[in-house]
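Protein chains in written order, with the working numbering: chain A, 1 to 284; chain B, 285 to 568; chain C, 569 to 852; chain D, 853 to 1136.
In short, the hints are calculated from the structure, not lab data.
Glycine is no exception: its CB is placed at the ideal position from the N, C-alpha and C atoms.
Warning: the hint list may mix true and false statements.
List time: in silico DSS-like cross-link candidates among lysine-lysine, alpha-carbon distance up to 30 Å [to be verified]:
| # | chain 1 | residue 1 | chain 2 | residue 2 |
| --- | --- | --- | --- | --- |
| 1 | C | Lys-848 | B | Lys-564 |
| 2 | B | Lys-286 | C | Lys-848 |
| 3 | B | Lys-488 | A | Lys-280 |
| 4 | C | Lys-570 | A | Lys-204 |
| 5 | A | Lys-272 | D | Lys-854 |
| 6 | C | Lys-772 | D | Lys-854 |
| 7 | D | Lys-854 | B | Lys-381 |
| 8 | A | Lys-2 | C | Lys-840 |
Simulated DEER-style distance windows between Cβ atoms [stated by the list, open to error]:
| # | chain 1 | residue 1 | chain 2 | residue 2 | range |
| --- | --- | --- | --- | --- | --- |
| 9 | D | Gln-867 | A | Glu-43 | 53 to 63 Å |
| 10 | A | Gly-147 | C | Lys-665 | 50 to 60 Å |
| 11 | B | His-491 | A | Arg-184 | 40 to 50 Å |
Number of protein chains: 4
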Amino acid sequence: MKPNTAILLIHCPDQRGIVAALAGFIASENGNILHLDQHVDTEQNVFFARVEWALDGFRIPRERLGEAVEQLAGPRRMNWQLFFSDRRPRLAIFVSKQSHCLYDLLARHEAGELDADIPMIVSNHPDLRPAAERFGIPFRVVSVTPGERAAVEEQATRLLESAGVDTVVLARYMQILSGDFVRRYPDQIINIHHSFLPAFPGAKPYHSAHARGVKIIGATAHYVTETLDEGPIIEQDVVRVSHRQTVGDLVRQGQDLEKVVLARAVRWHIEKRILVYHNKTVVF
Amino acid sequence: MKPNTAILLIHCPDQRGIVAALAGFIASENGNILHLDQHVDTEQNVFFARVEWALDGFRIPRERLGEAVEQLAGPRRMNWQLFFSDRRPRLAIFVSKQSHCLYDLLARHEAGELDADIPMIVSNHPDLRPAAERFGIPFRVVSVTPGERAAVEEQATRLLESAGVDTVVLARYMQILSGDFVRRYPDQIINIHHSFLPAFPGAKPYHSAHARGVKIIGATAHYVTETLDEGPIIEQDVVRVSHRQTVGDLVRQGQDLEKVVLARAVRWHIEKRILVYHNKTVVF
Amino acid sequence: MKPNTAILLIHCPDQRGIVAALAGFIASENGNILHLDQHVDTEQNVFFARVEWALDGFRIPRERLGEAVEQLAGPRRMNWQLFFSDRRPRLAIFVSKQSHCLYDLLARHEAGELDADIPMIVSNHPDLRPAAERFGIPFRVVSVTPGERAAVEEQATRLLESAGVDTVVLARYMQILSGDFVRRYPDQIINIHHSFLPAFPGAKPYHSAHARGVKIIGATAHYVTETLDEGPIIEQDVVRVSHRQTVGDLVRQGQDLEKVVLARAVRWHIEKRILVYHNKTVVF
Amino acid sequence: MKPNTAILLIHCPDQRGIVAALAGFIASENGNILHLDQHVDTEQNVFFARVEWALDGFRIPRERLGEAVEQLAGPRRMNWQLFFSDRRPRLAIFVSKQSHCLYDLLARHEAGELDADIPMIVSNHPDLRPAAERFGIPFRVVSVTPGERAAVEEQATRLLESAGVDTVVLARYMQILSGDFVRRYPDQIINIHHSFLPAFPGAKPYHSAHARGVKIIGATAHYVTETLDEGPIIEQDVVRVSHRQTVGDLVRQGQDLEKVVLARAVRWHIEKRILVYHNKTVVF
């Protein structure tokens, strides 16, 4: 049994005594720190930390914890986010026609590897309905008709809200989301792009990689922002290729990267290990 | 003792019977094939091959071998290049102020890892003269004064020609070569670029990589063409980084990549294992 | 549409003219070589090759092709195996309780990535029956009771034979097969071992890796021989770990390796790209 | 200019409030923490930390700092080591005949990458004297005659002590050190072994890797203990190989690994980032 924990993510101007204040606060209320990771960006002079402690025996009740953190954070100009490990994230997975990332996430979820609920799979095509049904997850088709993106996204938003979704995973979803939609889920939409960004943004990166004759291809998981393929990078991985691979070979090899890179990003997001700052991520 | 060999690099339109013709030609003259690598680009319908055979017992003398190859090649519209293993390539290494690639190449050369002569090190700065002298290699300073690139390159060209140089290795040489110079050495100038091309071309790629927050950095060895950082890629390699690395850390980690990627490219070039086609390389 | 092809795998003492004989044989009968890969082990003096050619227009009918190959092979002391691309391999997947490799293979199979039939999943536990049923593949439980391995394997063998199975994939099957069983399927049983062999053979390799404090863990796909974890290695891959990972973390990270390493090995086996010699593999 | 810092490495039974105590101690004396890394081994219930803080403005003078740390550490049963960044480590490099690791370390040292002094190179062969002389470092030959290891090591020890050496780097030194010698330098002798340990310990690992047909080879840097190739692993890295590589190719590819793996280990050791516990390393 994993213990119930609180997780605090913070960043603030670097200053003397900040770790002592943070650790002292938790210790003085009888909290047992399980993980404390900190990082100082010495160029920007910013302090980052993730601290996770057991709630068992901790003297501040969780409904008053935010207030207590704010007393600590305010004078130090800390930005903070507070999470509780027993509040499971709720994910919607968006797909189009390709199944590899979807099956990979569903199999991991069933095996208990992803500590989250998946109330819904959303697609602009009906093709993957059987895959969703095999794993007993509701499948919603939200057709994207040219010129009606606003209405379609409105429909998607209602679906997500009705299901209490807090995280959107774009598992090879081949549509571009509007700025309006993206702004509703800041740092909560994870995309997998099938190249080693910033190389080969946009469409058909495997074709571009083949044409350029690169010797290594990659995949990139990132948070979605309003600028296509330019959001904060969460994770990347690569695999070696050679002149012998056709575009089709690159696609197949790349899919293995896409699966594992997306799964890592989703897991880190679920575990509240990612802190976004200046369009970059600190992954503790 | 390695045997004396002939190496034939060819590419031509793919056609039935071409391997049989090639292997049959060598066998019929009593040649013993040591390596035969072929590749068919099924999209472009082009056949590529590298074949190396022992000259001992081969019935065609080397001075008539080109003519014999042409008889085979002509009717099949083959492009071909013929090399003999006992004709050692002659390398000039161009450097600026950073020593890591230079020392790496010189140490490998001394250890017998690079089967070539290095008659000359050329630099636009005097800083690395002691490094060159330690290994007993002539060091020439060719200062690059703004507005005088043509004259300077003229001087460099004379140096290279007088030393019988056939291959130029840019081992972190921080000057851009003119089109005139580059055209004199087609597919014979190897550069190491300190990023995973096509990501981060141009100056200060480690700064750009840090600013973008990538999770992996790379290095790329390529032949120099008239378009900066867009020549055929010979080899790339990468290393994982995290938010903890400063730009200085990336520089240091990247240098380890640069050394090994450049060394591999130089070795493959020396061994005549690289075939350039459509701004890409086939590395056998 | 992929063309129907013949694939010939051979090895024999290295000798002059062998590529010419091989390529000449195919060309003279109007075959079009699509791939020819050869390798010479200069220490053992053995020649290896894989040649694949289109059957369309080839003048020897397939029922007489073996005979024709033997005429070529006999005088040259070639060992050879001949395959036709339109004869799909038939795989049985053996599992125990862990689902990750099974789901990965089934998802790849459904996506058309594995050019084979999977008539049967065999297990010593009923746990993964639902996974098999989701993908519509018959699931057979063959309980392994201590002291009855012979009877159990007899039962498994009958199942495999009745389904025309030619390849057995041990997808984290946690039982040791008898020598009798293994000898029935020489170089046709593929196992995934969850370590970087020869490090950590046998049970609980992740625990051993953690105890030893290695900085990299791996997975190994190999053909099963009578000696446990010592068969010819087909493929390996690794991932970096640190002191921060618990055994549980290693298990989870390792599973991602196991999936991809096993899938590569299965695909190469299906594509007849693997040649076994002296307990090692040549993978063309 | 890097500031002068103190570095404290500790491990102790995990307990509530320990980070608070550590950080509070430094903050209360006006120290500015630059890095604080901690790790809890939840299986062994051991707390590990490395904390580095600027000495500028810190109120405890360095000659009394050990005493102050002991007051903190004693009641908490902490094992601790204290270092000052301005006390440069003194390295002796031991070599035999191969030059690649030696040149690599010397070039890095000259480029300012290794913040240490190298007062001496020791060898059992005279071959690398010119390499040492090129970089102006004294070279001592300590011949190892069978049956006289004790006397020889006595001589080496005197050399090391007279030069104030605190760290021994075995840069492909092909002799086995006695237990007596090893015990004099606990966790201060770094060796590079040319395999991915625990695979292929002992002599000729590249031959063994080739014979076993592995698809990946590696190198391992570790602290030397009395049991050959079984000391705590500091760093490992790997490179992919295939059936095409001869033993000679493995040696050459492996040398590139050896250089970079050894250099990383030496740098981390110099920077006091390594903590040894239960024959494993925590590398902060």
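To see whether the hints hold, each was checked on the structure:
Of the supplied pair hints, the one linking Lys-848(C) and Lys-564(B) is violated, its CA atoms being roughly 33 Å apart against a limit of 30 Å. In summary, the hint linking Lys-286(B) to Lys-848(C) is supported, as the alpha carbons are separated by about 26 Å, within the 30 Å threshold. The suggested pairing of Lys-488(B) with Lys-280(A) holds, with an alpha-carbon distance near 19 Å, which does not exceed 30 Å. Restraint check for Lys-570(C) and Lys-204(A): satisfied, since their Cα atoms lie roughly 23 Å apart, inside the 30 Å limit.
With a C-alpha separation of about 34 Å, the suggested pair Lys-272(A) and Lys-854(D) falls outside the 30 Å cut-off, and the hint is violated. Under the criterion of a C-alpha separation no larger than 30 Å, the hint pairing Lys-772(C) with Lys-854(D) is inconsistent with the structure, at around 46 Å. Simply put, Lys-854(D) and Lys-381(B) have alpha-carbon atoms about 23 Å apart, close enough for the 30 Å limit, and the pair holds. The straight-line distance between the Cα atoms of Lys-2(A) and Lys-840(C) is roughly 47 Å, outside the 30 Å bound, and the hint therefore fails.
About 35 Å separates the C-beta atoms of Gln-867(D) and Glu-43(A), a value inconsistent with the hinted range of 53 to 63 Å. In this structure the supplied range 50 to 60 Å holds for Gly-147(A) paired with Lys-665(C), their Cβ-Cβ distance being about 51 Å. Distance hint check for His-491(B) and Arg-184(A): the Cβ-Cβ separation is about 34 Å, which falls outside the suggested range of 40 to 50 Å.
Hint compliance for this structure: hints 1, 5, 6, 8, 9, 11 are not met, and every other hint is.
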